[in-house]
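Undergrad: Chains Z and D are the protein sequences, given in the same order.
Residue numbering for the first sequence follows the numbering used here, starting at 2 and increasing by one per position.
Residue numbering for the second sequence follows the numbering used here, starting at 2 and increasing by one per position.
Hints should not be assumed to be uniformly reliable.
A pair counts as met if it fits within one copy or between any two copies, since identical chains are not told apart.
To be verified - Below, a list of computed lysine to aspartate or glutamate pairs in the EDC-like style, where the Cα atoms sit at most 20 Å apart:
#	residue 1	residue 2
1	Lys67	Asp78
2	Lys106	Glu72
3	Lys106	Asp78
4	Lys16	Asp122
5	Lys106	Asp93
6	Lys106	Asp122
7	Lys67	Glu108
8	Lys16	Glu5
What the hints contain is simulated information worked out from the structure, not anything from laboratory work.
Protein chains: 2
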Amino acid sequence: MSNEAFQNINLLFEKAVAERDFGILAQVYTAGARLLSPGVPAISGLGGIQDYWRSAASSLGVTRAKLHSLELVVTGDRASEVGRAEIFTTPDAPPVPLKYVVLWKQEGGAWKWDVDCWNMDA
Amino acid sequence: MSNEAFQNINLLFEKAVAERDFGILAQVYTAGARLLSPGVPAISGLGGIQDYWRSAASSLGVTRAKLHSLELVVTGDRASEVGRAEIFTTPDAPPVPLKYVVLWKQEGGAWKWDVDCWNMDA
Chain Z
2 MSNEAFQNIN LLFEKAVAER DFGILAQVYT AGARLLSPGV PAISGLGGIQ DYWRSAASSL
62 GVTRAKLHSL ELVVTGDRAS EVGRAEIFTT PDAPPVPLKY VVLWKQEGGA WKWDVDCWNM
122 DA
Chain D
2 MSNEAFQNIN LLFEKAVAER DFGILAQVYT AGARLLSPGV PAISGLGGIQ DYWRSAASSL
62 GVTRAKLHSL ELVVTGDRAS EVGRAEIFTT PDAPPVPLKY VVLWKQEGGA WKWDVDCWNM
122 DA
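The whole structure should be built from the sequences, with the hints applied where relevant.
TA: Right, here's the structure in full:
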């Protein structure tokens, strides 16, 4: 499994946000994934995570997200990734910088995000 | 290496905060560790991380931190942990709940935190 496989999943996350099609996140997160987002308790399970991103993208007016993978360590059927990202809202607003750790896990032969923890730089 | 070894390092973090002795963090974080804290860009390296916690504990009036490990996955010389924690400030204030992901790495024969990402529940 090359790093490209991981990159392709990250691109699917970007696509879900850009197209506001959060059904795509079923290809990104495991069924039992946990989302550790700032400002809310941990969210467990794909359905709740889809609801969270749907609501957050709408209330914050997010138009696009761009992920930058900085480090990926693969060990068997697990992997860990450290990265940074930007969230874009209105065309005139500067992008919001953030950083994240994703714990990847193989599910049904595909690499997916099993734990996603992030916070904003400011 | 038992889970107790990891637990003991987490207790050292609590001790560093409770005693405001951030020299102890040299036993907790790897030399090249990265701290992904909310409100600031990522901090790389033990020295900067010690400075951050020293400053944050002082400015926020933190008196104690309590970590609760929820999941630990060990793969070779790496491990990942998902947990929650509380930060205590003044005796009358309710504890501040937060959650975290720590990527552990062996350094010099000891398990240490190599990446520490956290955020608050509210």
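Undergrad: Now look at each hint and say whether the structure bears it out.
TA: Status of each hint after checking the structure:
In this homomeric assembly, Lys67 and Asp78 never come within 20 Å of each other (Cα to Cα): the closest approach is 26 Å inside a single copy and 31 Å across copies. In this assembly of identical chains, Lys106 and Glu72 lie within 20 Å of each other by CA distance both inside one copy and across copies; the values are 16 Å within and 14 Å between. Taking the shortest Cα distances, Lys106 and Asp78 sit within 20 Å of each other both inside one copy (6 Å) and across copies (17 Å). Proximity of Lys16 to Asp122 under the C-alpha cut-off of 20 Å is found in neither arrangement, the shortest distances being 23 Å within a copy and 27 Å between copies.
Proximity of Lys106 to Asp93 under the C-alpha cut-off of 20 Å is found in neither arrangement, the shortest distances being 37 Å within a copy and 42 Å between copies. Taking CA atoms no more than 20 Å apart as the test, Lys106 paired with Asp122 passes in neither setting, with 27 Å inside one copy and 25 Å between copies. In the homo-oligomer, the alpha carbons of Lys67 and Glu108 never lie at most 20 Å apart, since the shortest distance is 24 Å inside one protomer and 33 Å across protomers. Proximity of Lys16 and Glu5 under a CA criterion of 20 Å is satisfied intra-copy only: 16 Å inside one chain copy versus 42 Å between copies.
In terms of the numbered hints stated before, the structure departs from hints 1, 4, 5, 6, 7, listed from lowest to highest.
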